[in-house]
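> What follows is the residue order along each chain.
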Amino acid sequence: MRIMRSSIVIVLWLSASMASAQQPNTPPPQVNEDTGLSTLPGQGQVDFGFRGTIFGDNSDEARYQRFRDLRNGPFIEGFRWGKATDTKSWDVRATHVGYRDQQYAANYNDFGKFKTSFEWTQIPLFFSQDTRTVYSETSTGVFRLGDLPRLVQTGAATTAIYNAQATPFDLQLKRSIADVRLTYSATPNLDVNLSFKNTQKTGSQPWAGTFGLGNGVELPAPVDTRTTDVGAAAEWTNNRGEVRVGYDGSFFRNSITTIMWDNPVRFTDSATAGPSQGRESLWPNSSINSGSISGLAKLPANSQATAYVSLGNWSQNDPLLPFTINSAIASPALDRQTADASARVTSTAFTFNSRPVDHLWLNARFRSYDFDNRTPIFHVPTTVSYDTTLTTFAEGGTSPYSFTRKALDLDVSWTPITFAAFRAGYTRETVGQTFRTFDTTTENTLRLSADAAGIRWLTLRAVYEHAKRVGTGVDEQALDDIGEQVSLRQFDISDRNSNRLSAIAIVTPMSSLSFNATTFVGREDRPGVAFGLRSNDSTGGSAGFDFVPGDAVSIGASYEYERYSALQASRQATPGAQFDDPTRDWTDDSADHAHTVTVSADLLKLWPKTDVRFAYDFSRAQSTYVYGLAPNSPLAQVSQLPPVTNTRNRVSVDGRYMLTRRLGLGLVYWYEKYDVNDYSFSPATLSTIALPSYLALGYLYRPYTANTVWGRVTYLW
Amino acid sequence: MLRAFGLGGVLLLLTAVPASAQSGNYVGEATCVGCHDAEGKALHQTLHGKAQNTRTPEGAQGCETCHGPGKAHVDDPSKPGSIKRFPLLAPREASATCLTCHSRGNHTQWKGSMHDARNLSCITCHSIHNPKSDKAQLKTATVIETCATCHKTEVAKLQRSGHMPVREGKMTCTSCHNPHGTTNARMLRVGNWINETCVSCHAEKRGPFLWDHAPVREACNTCHDPHGSNNDRMLVAKLPMLCQRCHIGTRHPSTIYDANQLAAKSSRIIGRGCVNCHAQIHGSNSPAGNAFLR
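Chains as they are written, first to last, in the numbering used here: chain A, 1 to 717; chain B, 1001 to 1294.
The shape of chain A in the complex, shown without the other chains (with noise of 0.2 Å):
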């Protein structure tokens, strides 16, 4: 072992050793796919033309834009202007003025002393152009059916009329950002910052109503809501240390906090048939204060001590619904007339870092989170499921969930030559919480890493974990309660042994030229668990390389493989003798394979005015799930679900001519194709909204071509 560990020193050493003056190699391609603004010199400019998609045959236009806004017509794409001197500076941007996915910014510095931003940005997302529902939102948040029910309650009309009779509709959201920040430095050690930002989201998204399981009803919920997020603080720095004075404000409010829908089957109250309409309550208003204190002290030898302190409230008191709309059943009687529900967060940091000696550096670090949820129970002796059925509850009334997490982090890296750092590092994470299976876990983890990094032709890091997760306090009793197997573990708290293993090595021969690799690979069992999740893997890897032999080339490519799986296991039973028959056991052996390719080509001014850039991204994931039966099933043979697979192949090529100094023409062309195949959203499966237990909006997952062409003048200034 001491000769391995000298043979890698000696390694490493002469690496350093062989270091040139060579540059770093250039980063893989660009993952954002907005053209954005040029990063051509000058103070001012603008980039406006037109823009135009011809799409496939039944392409899914709204997958397509999703996130943007790429209908056809003319555009102002990006627009900046600003000025810089040697103590102010002030510049203003916008970009898709006039569509769903614009954006305008401003910001303004007096150098060291004040300093300000602004910015408003809308980002839609399209869930949907497929959607049909035949309910009208009569009222915000009421679905009405008119005459349909009672044609279907009656036998005159079957649910498939409503396939038939609805309409089609496009599901979108918008969320419309406001952001200002301000920051004051009223002295050279004190600095004010104020920060302000207002998050609208408007549209309507598919939300789920539910008269039992044989009537189920997706809607287009409205959305409405309104965050208004506010931050001040104060803070002092001199060149021993820092102190922070913070308050954090957030307050959501929703406009809309009760949805009401027709039964499709039902047009009359009944206290054993389902009601003729439902009512669910939707996002309650919320707020949260919190106030912290922090600092940080540089101490002798090297070393730093920092301390954080947060205690915040959080607090939730909207007016409660009944328990049901349903007039054929008596609503029981509300324990509390409004939530009054609050919890209070309190939050601890603390760490200490030394490096004594050159070669040798030390961190230890404690934090601590408790979500002290203080609602009081809302006793529930009795409920209605569905607005359909008066039930008892055997819990009696709801469990206010709370959590403390403490972790320490130890770890200590030793240098023995300049640009190599073995670091070996232990956590001990601990986390109580109540109304769970487990009191308490403990995880313990140790790491072990390697890096080699600096040296000018090579980067080399490496790390391995292990960890295990042990709970204590397990209380079977509950799972029983709530008709549980007892031997089921919850896969987030239930005990867990994991090894995960990852490093990267990327090699630069020469300045103009990298080669990158890396891997993973982990492995997740939990010892113990009969039901639930067993296990849960990981392999993958990557490759590439980047040759930018000046500034006018640049080029590169990469490709990545990802594999994950998991083992769950389950008992399909009935409440009975079926509840402990093993041979009623069945596992589910699920695997996400994922292959990712990117290439890029930057060509700038390699012809004469001329900048050309190239983009290529691949993405194929494929998702399988394999179910297996217990030997001697009484269970029906298992008809395997074929697997879900999404493909997507992206060109880009971006040119411009610049015909002066400060005019350029510019052509875009983006090609992309999306393949999919995902059971649960395909069109073969969702072939009518009206299903024999569900009333759906057709929300769907389907294919698209598409060919996008952009004209455009760039004008500088």
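Keep in mind that the hints were calculated from the coordinates and are not lab data. Even glycine gets a Cβ: it sits at the ideal position worked out from N, Cα and C. Mixed in with the good hints, there may be bad ones.
[Unchecked claim] Where chain A lies over chain B, by a calculated footprint (3+ residues, C-beta under 8 Å): (1) 1162 to 1176; (2) 1250 to 1256.
[What the hints assert, rightly or not] Simulated crosslink set (BS3-like; lysine-lysine; CA at most 25 Å straight-line): (3) B:Lys1041 <-> B:Lys1132; (4) B:Lys1135 <-> A:Lys83; (5) A:Lys609 <-> B:Lys1205; (6) A:Lys83 <-> A:Lys115; (7) B:Lys1041 <-> A:Lys88; (8) B:Lys1041 <-> A:Lys113; (9) B:Lys1205 <-> A:Lys197; (10) A:Lys115 <-> B:Lys1135; (11) B:Lys1041 <-> A:Lys605; (12) B:Lys1084 <-> B:Lys1132; (13) B:Lys1084 <-> B:Lys1041; (14) A:Lys605 <-> B:Lys1205; (15) A:Lys174 <-> A:Lys197; (16) B:Lys1084 <-> A:Lys83; (17) A:Lys115 <-> A:Lys197; (18) B:Lys1205 <-> A:Lys174; (19) A:Lys83 <-> B:Lys1139; (20) B:Lys1132 <-> A:Lys88; (21) A:Lys605 <-> B:Lys1132.
[To be verified] Ranges between beta-carbon positions, derived for each pair: (22) B:Arg1186 <-> A:Asn198: 23 to 29 Å; (23) B:Asn1260 <-> A:Ala394: 28 to 34 Å; (24) A:Asp170 <-> B:Arg1186: 32 to 38 Å; (25) A:Val521 <-> B:Met1114: 18 to 24 Å; (26) A:His595 <-> B:Gly1105: 27 to 33 Å.
Dock chain B against the given chain A, drawing on the hints supplied.
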């Protein structure tokens, strides 16, 4: 009383430790740019070169604020170690220079952070004289390119069908992470636990609700992969299989939902699976919301 002593102790410490003595061997910026003109000009294009801000290198000793006193280097430029050359410094030594000023705001938690522990330095990602990005003086044009140098798997996941608007340019890695270290887990920027980061945008899901769903309250990434997945809503597995990892009970939670159930168009496997009925899976505020159906 104890707290008062603690705070007093910290303040005493901040004021009691002597500042390091400065050498008198400074030669001034004019001397430096006599040879290093390009570096000097580049510096003046950045915030480091704005002398009005007395916290900047330009507002202090110019080039020598970071590179140290230049006299020995001027006397014999070929002499090794006569001046600080950052690419030749050990990463933590390079960072120590930056941290003399960048010890506030986002940088407070750098020492001991995950990146510091892995022997990264400020100049692993940032360039002082030749930045490529519009903001933050990165060595690459975008944040994602910088992060992708090492975090290739996370960046590859952005290409999945279920993804956040990162590849569309509406978010970037630093929307959620502060790579300089934080008080949160996984270098998350906002809050002090994973969920606090998530609900800083998804505020509607934060509650507290009358009926909380324990794993939701515990950590959003129990069910979601925020970097992207092959599933709707960035779920780590399809429904109902994901829910069946914790809910096996009897009747419909314990049932195999195979191709036969799919052919029968069971509402538990088509569309959004379990959430076709359990719409309030993140928490319900209805008195009848114990099963997250109302």
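> Indicate, hint by hint, whether the structure satisfies it.
Here is what the structure says about each hint:
{"no.": "1", "hint": "1162 to 1176", "verdict": "holds (count 7)"}
{"no.": "2", "hint": "1250 to 1256", "verdict": "holds (count 6)"}
{"no.": "3", "hint": "B:Lys1041 <-> B:Lys1132", "verdict": "holds (15 Å)"}
{"no.": "4", "hint": "B:Lys1135 <-> A:Lys83", "verdict": "holds (15 Å)"}
{"no.": "5", "hint": "A:Lys609 <-> B:Lys1205", "verdict": "violated (52 Å)"}
{"no.": "6", "hint": "A:Lys83 <-> A:Lys115", "verdict": "holds (14 Å)"}
{"no.": "7", "hint": "B:Lys1041 <-> A:Lys88", "verdict": "holds (18 Å)"}
{"no.": "8", "hint": "B:Lys1041 <-> A:Lys113", "verdict": "holds (23 Å)"}
{"no.": "9", "hint": "B:Lys1205 <-> A:Lys197", "verdict": "holds (18 Å)"}
{"no.": "10", "hint": "A:Lys115 <-> B:Lys1135", "verdict": "holds (14 Å)"}
{"no.": "11", "hint": "B:Lys1041 <-> A:Lys605", "verdict": "holds (24 Å)"}
{"no.": "12", "hint": "B:Lys1084 <-> B:Lys1132", "verdict": "holds (23 Å)"}
{"no.": "13", "hint": "B:Lys1084 <-> B:Lys1041", "verdict": "holds (19 Å)"}
{"no.": "14", "hint": "A:Lys605 <-> B:Lys1205", "verdict": "violated (50 Å)"}
{"no.": "15", "hint": "A:Lys174 <-> A:Lys197", "verdict": "holds (16 Å)"}
{"no.": "16", "hint": "B:Lys1084 <-> A:Lys83", "verdict": "violated (33 Å)"}
{"no.": "17", "hint": "A:Lys115 <-> A:Lys197", "verdict": "holds (17 Å)"}
{"no.": "18", "hint": "B:Lys1205 <-> A:Lys174", "verdict": "holds (17 Å)"}
{"no.": "19", "hint": "A:Lys83 <-> B:Lys1139", "verdict": "holds (23 Å)"}
{"no.": "20", "hint": "B:Lys1132 <-> A:Lys88", "verdict": "holds (21 Å)"}
{"no.": "21", "hint": "A:Lys605 <-> B:Lys1132", "verdict": "holds (18 Å)"}
{"no.": "22", "hint": "B:Arg1186 <-> A:Asn198: 23 to 29 Å", "verdict": "holds (27 Å)"}
{"no.": "23", "hint": "B:Asn1260 <-> A:Ala394: 28 to 34 Å", "verdict": "holds (32 Å)"}
{"no.": "24", "hint": "A:Asp170 <-> B:Arg1186: 32 to 38 Å", "verdict": "holds (36 Å)"}
{"no.": "25", "hint": "A:Val521 <-> B:Met1114: 18 to 24 Å", "verdict": "holds (20 Å)"}
{"no.": "26", "hint": "A:His595 <-> B:Gly1105: 27 to 33 Å", "verdict": "violated (40 Å)"}
In this structure, the earlier hints numbered 5, 14, 16, 26 are contradicted, and the remaining ones agree with it.
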